[in-house]
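Enquirer: Sequence:
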Amino acid sequence: MLSSLKLLPIILLLGGVVACDTGRHSSAGFRLPLDGDVENGKASFVALGCYQCHQVSGVNLPKPAVQAPVMVALGGQVPTEVTDGYLVTSIVNPSYALAPYPRDLITVGGKSRMPDYRDRMTVQQLVDTVAFLQSRYTVVPPARPVYR
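Just so we're aligned, residue 13 is where the sequence shown starts under our numbering, counting upward by one.
Read the hints as simulated data drawn from the structure, not as lab findings.
Careful, some of the hints might be misleading.
[As the list claims (entries may be wrong)] Label pairs and their in silico Cβ distance ranges:
no., residue 1, residue 2, range
1, Gly121, Val158, 46 to 54 Å
2, Gly121, Thr150, 34 to 42 Å
3, Pro157, Lys123, 33 to 41 Å
4, Leu60, Gly97, 38 to 46 Å
5, Pro157, Gly97, 29 to 37 Å
6, Asn105, Tyr159, 36 to 44 Å
7, Asp47, Arg132, 17 to 25 Å
8, Pro76, Pro114, 48 to 56 Å
9, Gln89, Tyr113, 17 to 25 Å
10, Tyr159, Gly121, 45 to 53 Å
11, Asp128, Arg160, 46 to 54 Å
12, Ala59, Ala155, 33 to 41 Å
13, Leu46, Tyr113, 45 to 53 Å
14, Arg43, Leu117, 28 to 36 Å
Bear in mind that the values here come from a model prediction, so they are computed numbers and not experimental data.
Built from N, CA and C at the ideal position, the CB exists for glycine as well.
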């Protein structure tokens, strides 16, 4: 009995390691260069027309030429950190994880209305755009309930 209690922490640790997603599609190990330029990212965001369908918390952007069915909000207060991997995936594969808006407003034929930017932007523009977007998020953990 005592020896099985000693093994419990090891078993739990191994179970946690096995449960972690470390495959090809894992975000583990994904890192962008730290020198992304926020101002260049904002310029890329505007040059690529992202402002046509996105509003960014606390940023004055040009007015869209045509009103999108829904303006998808970026930035602001979030309960957990938004990862670079999530932002990059959202840019280069926008149909992978759709924003929490009514699907008929953000999709066409089941795919995101957002264009695919794989052939439209440079890697540096991607790095800078992610730096710009990251600068607009603030992590604010949810308030803990007060027990009385």
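Enquirer: With 17 to 25 Å as the target window, see if aspartate 47 and arginine 132 comply at their CB atoms.
Expert: holds (22 Å)
Enquirer: Could you check the hint for me, namely that asparagine 105 and tyrosine 159 are 36 to 44 Å apart, CB to CB?
Expert: holds (43 Å)
Enquirer: Okay, aspartate 128 versus arginine 160 on CB: inside 46 to 54 Å?
Expert: Since the Cβ atoms of aspartate 128 and arginine 160 sit about 53 Å apart, the hinted range of 46 to 54 Å holds.
Enquirer: So does leucine 60 sit 38 to 46 Å from glycine 97, Cβ to Cβ?
Expert: violated (20 Å)
Enquirer: Holds or violated: the 17 to 25 Å window for the beta-carbon distance between glutamine 89 and tyrosine 113?
Expert: holds (18 Å)
Enquirer: When you take the CB atoms of glycine 121 and valine 158, is the distance between them in 46 to 54 Å?
Expert: holds (48 Å)
Enquirer: Hint says 45 to 53 Å; check whether the CB-CB distance for tyrosine 159 and glycine 121 agrees.
Expert: Since the Cβ atoms of tyrosine 159 and glycine 121 sit about 49 Å apart, the hinted range of 45 to 53 Å holds.
Enquirer: Is the hinted range of 33 to 41 Å satisfied by the C-beta distance from proline 157 to lysine 123?
Expert: holds (40 Å)
Enquirer: 28 to 36 Å was suggested as the range; check whether the CB atoms of arginine 43 and leucine 117 agree with it.
Expert: holds (34 Å)
Enquirer: Measuring from beta carbon to beta carbon, are proline 157 and glycine 97 in 29 to 37 Å?
Expert: 31 Å Cβ-Cβ, so the 29 to 37 Å window holds.
Enquirer: Given a hinted range of 48 to 56 Å, is it respected by the beta-carbon distance of proline 76 and proline 114?
Expert: violated (19 Å)
Enquirer: Assuming the hint says 33 to 41 Å, is it satisfied by the Cβ distance from alanine 59 to alanine 155 or not?
Expert: Holds, since alanine 59 and alanine 155 (Cβ atoms, about 39 Å apart) stay within the stated range.
Against the hints set out earlier in the document, violations occur for numbers 4, 8 and 13.
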